[in-house]
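Novice: Residue numbers (our numbering), protein chains in the order written: chain W, 1 to 345; chain A, 346 to 690; chain F, 691 to 1035; chain E, 1036 to 1380.
Please keep in mind that the hints were generated in silico from the structure rather than gathered at the bench. Glycine included, every Cβ here is placed at the ideal spot set by N, Cα and C. No false leads were mixed into what you were given.
Some chain W residues near chain E, calculated using beta-carbon distances under 7 Å:
id: 1; residue: Phe75
id: 2; residue: Gly99
id: 3; residue: Leu225
id: 4; residue: Arg229
There are 4 protein chains.
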Amino acid sequence: MRFASDNAGPVHPAVMDALVQANQGWALPYGNEDITERACARVRDVFEAPEAAVYFVATGTAANALALATLTRPFDAIFCTPEAHIEEDECNAPEFYTGGAKLTLVDSHHGLMRADALTSAIGKLGSLHGPQPGAVSITQVTERGTLYTLDQIAELARIAHNANMPLHLDGARFANACSVLGCTAAEMSWKAGVDAVSFGGTKNGLMGVEAVILFNPEKAWQFELRRKRGGHLFSKKRFLAAQMDAYLTDGLWLDMAAQANAAAAKLTAGLKQIDRVRFDHAPQANMLYVSFPRADHQRLHNDGAQYDCKGTLDGPPDEMIGARLVCDWSMPDHLIQQFLDHFDG
Amino acid sequence: MRFASDNAGPVHPAVMDALVQANQGWALPYGNEDITERACARVRDVFEAPEAAVYFVATGTAANALALATLTRPFDAIFCTPEAHIEEDECNAPEFYTGGAKLTLVDSHHGLMRADALTSAIGKLGSLHGPQPGAVSITQVTERGTLYTLDQIAELARIAHNANMPLHLDGARFANACSVLGCTAAEMSWKAGVDAVSFGGTKNGLMGVEAVILFNPEKAWQFELRRKRGGHLFSKKRFLAAQMDAYLTDGLWLDMAAQANAAAAKLTAGLKQIDRVRFDHAPQANMLYVSFPRADHQRLHNDGAQYDCKGTLDGPPDEMIGARLVCDWSMPDHLIQQFLDHFDG
Amino acid sequence: MRFASDNAGPVHPAVMDALVQANQGWALPYGNEDITERACARVRDVFEAPEAAVYFVATGTAANALALATLTRPFDAIFCTPEAHIEEDECNAPEFYTGGAKLTLVDSHHGLMRADALTSAIGKLGSLHGPQPGAVSITQVTERGTLYTLDQIAELARIAHNANMPLHLDGARFANACSVLGCTAAEMSWKAGVDAVSFGGTKNGLMGVEAVILFNPEKAWQFELRRKRGGHLFSKKRFLAAQMDAYLTDGLWLDMAAQANAAAAKLTAGLKQIDRVRFDHAPQANMLYVSFPRADHQRLHNDGAQYDCKGTLDGPPDEMIGARLVCDWSMPDHLIQQFLDHFDG
Amino acid sequence: MRFASDNAGPVHPAVMDALVQANQGWALPYGNEDITERACARVRDVFEAPEAAVYFVATGTAANALALATLTRPFDAIFCTPEAHIEEDECNAPEFYTGGAKLTLVDSHHGLMRADALTSAIGKLGSLHGPQPGAVSITQVTERGTLYTLDQIAELARIAHNANMPLHLDGARFANACSVLGCTAAEMSWKAGVDAVSFGGTKNGLMGVEAVILFNPEKAWQFELRRKRGGHLFSKKRFLAAQMDAYLTDGLWLDMAAQANAAAAKLTAGLKQIDRVRFDHAPQANMLYVSFPRADHQRLHNDGAQYDCKGTLDGPPDEMIGARLVCDWSMPDHLIQQFLDHFDG
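Please put together the full structure from these sequences, using the hints given.
Specialist: Right under this line is the structure:
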């Protein structure tokens, strides 16, 4: 019962095939070959952004940190929520790559940045003694499994742009969000005012690739240099590109996302039948935040269930303890059923 | 009517004399002379800390940033309040000097860090994916004009030490606090568990000197190199040292602080007589946070009063608007009276 | 005729198989699985270093920069040759990761750091005004295709250690060197006084993996945090580990290196028969630095030969122009012959 | 006999007077007062640069590092000589402030950067794998006591500009150079193609002030933020400005420089009479590099002479050992005579 993360499942067979294909023969290093060119073109097509600058890196932290470093200056503030991956889970990578910019936290509601709180936080800047307006960064799907509507994104973009700041979108689960919202990649990004996207693949069936997309390519040359300086330019870049190429072929990216979302929906439906399960945030994509009694956690644990448990297993059996449950594209029905069955115990 | 800041008044005549004295003749640069040696010895004496490492720099931002950089690592979190000078007024200097450590905000009450909130904030760390425990930094007098008791400092120190973190004290107004609490410098620092102090002089009658005191000198050599690397090693260091030497001679530092505090007390007493003045924080040293109607602000402004006004002068005359009023050692009675007189208008 | 680089050939089939194998099913992310454990154990075995800390990253620049950042401090000097990859080809990554340490260049002879020049360069340090002794970094195989003997490495290690500095070895072509010298990995590293190795795989048949080995694991925890902070911790780490696992199974790493070296030897032997070819450095592993007339370059170029040419193709046909020719494990005889045949033209 | 440095003598009385004057009464902090405005205007006047951005900091290292950080990007190379103060004596401050730019050394002759070597060093850049063209930095008076002619500066500026790089001039001894060359400040800076100057005062009779002058003010706002972030914005800025104001009043800066140069000329003339004294570089301003037998060093040392001696006092009495001798504005004739007299011994 593997609900710990969507980065723990297997790579999709079509992606593995693409890697094997990419290995035929010899190719110039550092992206001077066909596969990289083709994969970049596919990203531009999917995003309907023929002018966009597109770069591949192997981790989400690299994608976010390099994108933010390209967009901001060391004496800036970057606005994000307290739950943001860039704040909580990147061990100060944004501070490192930006040369010391400050992450300024903006109040959120179920993981969604509040527009009024952003306006208020921006309003506090202004003096030469404090940081300057740098960028706003939001995450879609949020770190609490919720979704911004396109209008909400557009509103945050307006606020950011009014303060002369670009809007960055951490899209580690971009595909899952697109699939739920039924919108295009363009609609969820530049058409809503997003200036740069970390377009995730690793949590959705790739071996390890994220694309950074800068819709305004003006600073793109800087990204290239920062990527090299960060040790993120792969000599055998074709093996990053091949994954992204397969991902965007025949809608594989959306198919996998739909499978993950469907699995999470099934899990949600099952857990809603169980009285003692509380939903801490309304799940909208492939990630659930629920609480249930410790006794259930113990039972699940003894049976080898893997997921992020927010408390210790020792203590009063009735105490409610949180859990994060994540489904990826490969989650089979029987594991969901097996998980649910434990609540009959 | 000069209430804008305690860094706007004149340098004390005894300090100017010391500078003139220090200018007699020739001296080896970079602190290899008597005055620096004597001034360091005085700091160690006043703090009853014969082993402490003592360094002089010219600004409070340099003192704080260098102290924190010496105490932490780039992948660490530094805990401070939302109002902390290091968070609000140093334009990312701590992030710069530490190489990208993260300032993690801890809830405060009237500018004072809450012990329970610190415990809770520390509890959220722990994963290798997020920042590591680095240091706790508090300010005494706080940025809201309030004071920690010695017990409160000791409690925060215990919490920090239990998490293997040192406690740094931003003492830009250290003297003002000592004077009010009637305690020794040692009692308000290492005896209460403080590991490093930025001991301010600039806001209390010096031209521009702060001492950084590391009670555990183990990492002191690192401070020296970081100071040089930051461009804060003065070749003519005797002119920093001479100021600190005069400051700590015959209790001048405490005398000036007492004068500043007395002036603020007089201003407080006067404002308490005025019904429409609200105290936003209970003033305990030389800094007042009050609110009063815009009409009064307008009258004061027209008469040339200088202070930090938290709103605009245009708008409804009855609206309450905040003000920060600060007194330094040189504040004469007649200016306080002049300020108060405006409320008779 | 693909002589541009040893990072342009295909991944070895056994490595591709290992990736496919690693993709069976589900595994905890971030290295909490069997394959990572097994691959680390193999590295320790091959290096006869049961206590060593072992980390996998995807690029050589990341390996070098993270290793050096772990070994040094921002106010330090790192000694290397003018040709060092860390100096010439990493776009300031070492400066970035170390927080601003200085690369101090030491004279070299055919790419080999001169011991007397290292002694002299170290002797210039000492003042608090300049950088402090940080680390010495050498490359084996050097960037000029030459090799240090074990004694030469040991001598540089002694000089470094006498100045309290560790010795880092950039082993992007470690396997090629081991194969030529006929020594063990341990003999070419810790037994010769090397403290940390960037053990390359990418240039020798892997898709993209380098191991960083710290023989003294004292600072290993720091490496982990710096790697995460640099965005180099892979969630699906098993796919890095699987490559290294295959690499060190049944001597594949040495077999591939031997093939590459043999191909280069064949090319060398052929070129030595040609009077107008000059050897700029004596090739010792899989990389040749030769010069020959422009007319030959033109002929090769017209036939699609790919290699690093040190001049322009336009100009006097007799002018001698340099070339760097590199062979990887997959270089077939017929391409070498095809290259040589052009000199009959 | 104080020949150790020109930062060891007294502050000029007119400067002390200006400080006392500046201390009359109260002034808004951070430069919002008359003295700062007046001093900036004087700098612009002296440099005939009405549009220039002018900033005051307290140390030369801060001036250089902040200027270079404003002019370059972290992935850049900064070209300087091996003897440059920024390379040898600033403990990696340029690397720190620039966020990791690389100091790339250009061959020099008697401390003067060679134009051909600069051209050649620039020519080696170009790849995305290495650093990009950032800035060229030269020092006038050089660190070896020699001077660039105006034509030589103009030639280096042309080379820099052709590569799209600005030229920075470290003018710690700018006044001494101007005085010798008999040129204006404008001629030795922007009229010769210099884009930014660190205009020194500390080594020439001030307590501790350097002005940074950016002739193109486009990036000036960045300088302000970087200065604050570096902890180099003085709250009581009037005390920096007052020194510079006095310095540029009635030609004091040139008078003091002329005195220092004259003292050095006298010392030079005396030493030239002594056969066993060798001039290592031809002294052109206020700094001499000479060598003489150890026996003379011993005699001077025993009599308390202070200067930078390049060797140890123990050893064969006839061995030639280098010395750096520096004169400041306050050097009296009798000390020069006293120094020379030791060679009669």
